[in-house]
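Residue numbers (this note's numbering), protein chains in the order written: chain C, 1 to 436; chain X, 1 to 576.
It should be emphasised that the hints constitute simulated quantities derived from the structure, not laboratory data.
Hints may contain errors.
Said to hold, decoys possible - Straight line, CA to CA, 27 Å or less: simulated DSSO-like cross-link-like pairs of lysine-lysine:
hint, chain 1, residue 1, chain 2, residue 2
1, C, Lys98, X, Lys269
2, X, Lys269, C, Lys107
3, X, Lys538, X, Lys221
4, C, Lys98, C, Lys192
Stated by the list, open to error - From the derived model, a few chain C residues whose C-beta atoms are all more than 10 Å from chain X:
hint, residue
5, Arg70
6, Ser106
7, Pro110
8, Thr191
9, Ile335
10, Glu396
Keep in mind that this is a model prediction, so the values were computed, not measured.
Beta carbons are placed, not taken as given, at the ideal position from N, Cα and C, and that holds for glycine.
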Amino acid sequence: MNASLVELKDVGKDFLGADGTARAVLSGVNFALREGEIVALLGPSGSGKSTMLRIMAGLIPADCGEVLYRGLPLYGPADGISMVFQSFALFPWLTVQKNVELGLESKGVPERERNERAQAAIDLIGLSGFEGALPRELSGGMRQRVGIARALVVQPEVLLMDEAFSALDVLTGERLREDIMELWDTRRLSTKAMLVVSHNIEEAVMMADRVLVFGADPGRIREELPVRLTRPRDVESNQVRALVDSVYELMTVGGIRHGRVTEKEIKLRLGDRLPAAESSRMEAIVELLADEPFRGRADLPMLAEESGLDDKELLDVTTALTLLSFAHLDGGDIILTPLGREFAQADQTQRKTIFGRQLIENVPLVAYIRHGLDQDPSGDLPEQMFLKLLSYRLTESEAEAALRVAVEWGRYADLFAYDYTKGVIHLPDAAEAAAK
Amino acid sequence: MPEKRQFVPRIIVEAAGNRWDLILLPLVLAVIVLLGYGGAQMARPYHLGETLTISLDPVYLPYYLLRTTLRMFLALAGSVVFSCVFAVLTTRYKLAERILVPLLDILQSIPVLGFLSITVTAFIALFPGNLLGVECAAIFAIFTSQAWNMAFSAYQGFRTVPPELNEAASIFRLSQWQRFWRLQLPFATPGLLWNMMMSMSGGWFFVVASEAISVSNQNIKLPGVGSYIALAIEQRDLGAIGWAIAGMLVGVLLYDQLFFRPLLAWADKFRFEEMGSATAQHSWLLDFLQRTERTRRLFGLLPRLLDRSLGQFRLRFDGTSVRSQPAARGRVSERVTDAALAALVFYALWMLGSFIHAEVGWAEVGRVLVLGCYTMIRVVLLIALAALVWIPVGVRIGMNPRLAERSQAILQFLAAFPANLMFPVAVVVLVRFKLNADIWLSPLMILGTQWYLLFNVIAGASTIPTELRYAAQNLQLEGSLRWRRYILPAIFPSFVTGAITASGGSWNASIVAEYVTWGDTTLEAHGIGSYIAEMTAKGDFPRIALGIAVMCIFVMGFNHFLWRRLYRMTEERLHF
Chain C
1 MNASLVELKD VGKDFLGADG TARAVLSGVN FALREGEIVA LLGPSGSGKS TMLRIMAGLI
61 PADCGEVLYR GLPLYGPADG ISMVFQSFAL FPWLTVQKNV ELGLESKGVP ERERNERAQA
121 AIDLIGLSGF EGALPRELSG GMRQRVGIAR ALVVQPEVLL MDEAFSALDV LTGERLREDI
181 MELWDTRRLS TKAMLVVSHN IEEAVMMADR VLVFGADPGR IREELPVRLT RPRDVESNQV
241 RALVDSVYEL MTVGGIRHGR VTEKEIKLRL GDRLPAAESS RMEAIVELLA DEPFRGRADL
301 PMLAEESGLD DKELLDVTTA LTLLSFAHLD GGDIILTPLG REFAQADQTQ RKTIFGRQLI
361 ENVPLVAYIR HGLDQDPSGD LPEQMFLKLL SYRLTESEAE AALRVAVEWG RYADLFAYDY
421 TKGVIHLPDA AEAAAK
Chain X
1 MPEKRQFVPR IIVEAAGNRW DLILLPLVLA VIVLLGYGGA QMARPYHLGE TLTISLDPVY
61 LPYYLLRTTL RMFLALAGSV VFSCVFAVLT TRYKLAERIL VPLLDILQSI PVLGFLSITV
121 TAFIALFPGN LLGVECAAIF AIFTSQAWNM AFSAYQGFRT VPPELNEAAS IFRLSQWQRF
181 WRLQLPFATP GLLWNMMMSM SGGWFFVVAS EAISVSNQNI KLPGVGSYIA LAIEQRDLGA
241 IGWAIAGMLV GVLLYDQLFF RPLLAWADKF RFEEMGSATA QHSWLLDFLQ RTERTRRLFG
301 LLPRLLDRSL GQFRLRFDGT SVRSQPAARG RVSERVTDAA LAALVFYALW MLGSFIHAEV
361 GWAEVGRVLV LGCYTMIRVV LLIALAALVW IPVGVRIGMN PRLAERSQAI LQFLAAFPAN
421 LMFPVAVVVL VRFKLNADIW LSPLMILGTQ WYLLFNVIAG ASTIPTELRY AAQNLQLEGS
481 LRWRRYILPA IFPSFVTGAI TASGGSWNAS IVAEYVTWGD TTLEAHGIGS YIAEMTAKGD
541 FPRIALGIAV MCIFVMGFNH FLWRRLYRMT EERLHF
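In isolation and in its complexed conformation, chain X is listed as follows:
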């Protein structure tokens, strides 16, 4: 065959691609054009005081969906870059690890909405006369809801790279750049991807809050699904809410199928074998893509560029060079930085103390602490309730492989679905039946996060070794004994993982869930979430800060005294 080919001009032979290209190439181009159009709309001239009109006509919904999705993906890209930089710094430099990791721990327990009012002004000042400033503020807000768990997952991944692989990388003298692309990032990819998907759902949750920004007594509503919903809530338009729900469904479905599914299926090769065999992901799009010729070449451009860069950024000297001489490490310098850090922390605490004393007074602090306790009780009760409901269901599904496989897609979708769209419905019901807001608003907190619980229980139940199952059947374990001695201990580790995520999400969601508006009706439950939401609505900065600080303390306390201990215990004792 090749002999024949040389008589035909190259262009004719190679230009055609194949029939898969015919279908996929236009699709790819269409996506690029759409992204370009959306991007151009983001950088329009804009002056503070102009009103951006939002229409409730469902015809505009696809456009709004495009704008919102674009924002979310930009934020996601930012989060990925942030996570990688964070992970590289913390694994490379001891000092960075000691400062950045606790810092991130604090940042991640700070509720997202708190950032918005602080950063908006700065971003607008950055791009005067352009909409980009407001866009950036919105993107940044979404970023803050996505970045932290991804950064932690990357850090965790980088740190748990098997030591012998690190040694091999050193022996074959990979530079930091090469090590990052060849070893660290691939190893961290499965965890990072999983967290990207979680972050994406988490981002939807705050889209409403981040697109409708109030600054200097003005309400800016950026074109997007969030603003659409905000407007629908203002105008009490239940029909529009229905359209928004439908639009979001389509949006979630699209990026799941077009982005995450192919990515997951492709990333399957990064699964480290000793991690056990999770069921392999499939994606029609990836299968499709791998059949094309031209389109694939288009996508192959990046890896080739990367390969070339690997050769560029290499170590120019080896261990025989005087430059590899170990730097003298003094323990004194370590102590000095420790002392400096401690001093800084104390200074910050003192500043905070005097600020609170001057601005709000200690009585307010006490009140907020009590409110925090209310919310805590809600979180604990709800997790317990959700556990009661979802553990039996999850075990049933997880023990049945076929059921598990079928339900997986549905569940991922449910988890990705923004639960706050249901809030208006809840308000209508609550007002109609005159229900107590303190009790009946609470379930909203866990509406979106309960799925993590179910998810993990299913995963736990499906990894129970078959021999153990047979043994339990053989011993005829039944009733409470079966649960206490066999199933509960077996799924407990995954339950804890799920509960950690669910509880963190619930705290965050309390800001939205304890303070719900529908037109001019506002329902409020007593709790720290509603306190922060209310102060944000009023624009009372010191009280927002106080609320955030207290919530931060609660969440961190929860993490340190309950979850981390449970987690460590399960890691040591309850595993197969």
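Next up, chain C with everything else stripped away, as it sits in the complex:
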């Protein structure tokens, strides 16, 4: 086994909830990034992948456990560790050349050497001719090339990629990925190991030697899957397809929260986060599932392709559908339940009724909001109250996201209405009239 470059031992990270108690974002993470390998991190949003990446980068300190780089403690960003950002994070007022030189300039590398090394990195990544351009003149794909050249020019041992391709369109992302893999495979990089955070399952399988699947609440490594395929890999090959399938399966079974491999329905608690799936998207997927060619049962990667959703979006929708018992999962397949079929065939009013019923039954937050409104003489409640309730267990942005989903679902089902300007949730007009 090769030597480990970056090692996490029992690492945990907390954040303070609204009531002052700590909630774990990451807990008990044990991981070693070894020489010569590419590791991909997959997992639902909020499972702490990005946090783990930032701990390894030395950007944020771990609250407990040890972070080691070459066997020695790591307290901050280190010389041998470099990073590529999702949003590129280029300095817009510096030219491509200057951006690439940034890491060298900060080290005080003399100008002549700086120029040469930057030029070499620029040539390597296919940016020659654009040295004098400002980032704003470049397309997204070219900008990310600058981001990669900037990370490579310091000749890092470890390269961290935080969803480096997800801000690009599919084709551009794939091309850039292939270019990097070619450099890696032909050993033209000084980099000895890469860690790739992604939400694209195919991307993870195509790049990595190991895929780690994260679980949420608290964030931790749930599964580890070795990928023993020779490079270069062919997207269409059976082995790759089979692996993609099994990763889908890994990521969907056991749902978002529990982590145990179980196919029982998931019971939510009041303060849990909700999958970011709009009702219209859920409707569309149910209809797609009910129709040809799926007829109620679909392989998830196929469904992803057919619907045009990316993996994260699709997983959110499937989670939401299972949550409301419109579908259930079997292996890497999603199967419409009888209720789901009924929903697909129903007209708009019936759909709303079914959706509302399932919401009240299965989503405690929605039920709780409606309950509160029914009891309140004025029939309206400020959203702040619910945000406060949620913030005991979620971060501010997570709480807002969860409430936004609940409100969207509740609006769709006519369970309640929401006034954006006042920030007030109230009973829909019809129900209000009935109550009076």
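Once you have looked at the hints, place chain X on chain C.
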């Protein structure tokens, strides 16, 4: 070509520069000589009691203009340095942020003139037997009228640096020095520049007050446009006022064209792309400069020096060093500093209370509060009036891109023009027609600040998305419905921004506008501004302090209870 060149001595090939150099280099040298001359004049020997003669002859006006402009630019440079230091400290140290930001909030609502009488003595003591002391006092007074909004803008800029850029800076291990030059300052530059221009206009407003200083019963008039105007007012010379106005026009035009325009055009590259595309600035001087060879090399000297310093001030250790070990942060120490701060504030309040009680009595406090209310009513009414006038005009201009572009230069000029030059004219009219000072002096308060309102309304109207415009046309929105449902909500955020600036400026201007003199005629409107001005004229220190403190309370109350809330509301709800 290069092969041929090596046979020619280097000097001949490279020394000539090009024809653009021929024009620009002398210009640059002339500016340097002028600055040097003005600077030398500032440090002349001087003893308290000497009279500095000011002449109303317009021949001297260019010289006075040079001296005044020099002072203003020195103050501006001071403000830039102050803003940067302030922004670095507050973003780097939590404790500094907790103390300095509220402190600056208070300082910025303290009227500028209040500083003058306090600081002059100290500065004169600092440079005995030299004019520099008085100059410093004047520069400091101008500085206090320029620095605060710039400091806030820099702080705001530093704080809103996108987190991923900060992360990138950490990953590539930029030291604080490198981070400042490569990330924070560039990011804050557009906002800072804009505020520099506003500050420059604001500075003109108080030039008269800061150049004509009275200390120890002596009137020192520093050579400058301010003193020229002060003298003209004393001697009731309307012709001289006219000359001063003309001179200032030229001055404003010159530094706008020679300094701010090129700077704005150059700083265009610091625009962060996600901020939308404001129309790009153009400057003939910058175009010119970029065509030269030698002159450009002269200007390139600074960046090269900076680049070298970046290599010097670098982080010498990385995250694997024991020195990067996080310092243990106790929540106890935070509480202790909180408690200490609170104690300090209470002590200061108690001191102030006992001081007021001993020196002026609480009845006076009540009177000043009432005066503050008068001024407040004026400010509110005037802003409302200005809104009524300028919103329709601004919307009309803003919706018409070509008109907007053409009017921009004129408007910036109007905003930069010192409105207090109009005051003598107002006095003459008021006295002639025997008008009520309480009412008719009020418009002077908003004379200079109304432009911010117009400015922002135009900006707001011109950023209404085209689709929305089409939709409104398509729905045939008309009359009051068009205004209520479409235009007003669309421009409201920019209106609020403009109104914040305008109201702040008006409070400050009330000191000059409520108490206007013309020779031996003094017109006075009841209000806190005239109270402070009157007490300053009398040199009654406790009452000046009281007036300033009360005005401070009014302005801060206004900011906290009205503007900040409106601003937050617009940020959350009314944007595209």
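Verification of the hints:
no.	hint	verdict
1	C/Lys98 <-> X/Lys269	14 Å, holds
2	X/Lys269 <-> C/Lys107	25 Å, holds
3	X/Lys538 <-> X/Lys221	18 Å, holds
4	C/Lys98 <-> C/Lys192	25 Å, holds
5	Arg70	8 Å, violated
6	Ser106	5 Å, violated
7	Pro110	8 Å, violated
8	Thr191	14 Å, holds
9	Ile335	41 Å, holds
10	Glu396	14 Å, holds
Checked against the numbered hints given earlier, this structure breaks hints 5, 6, 7; the rest are met.
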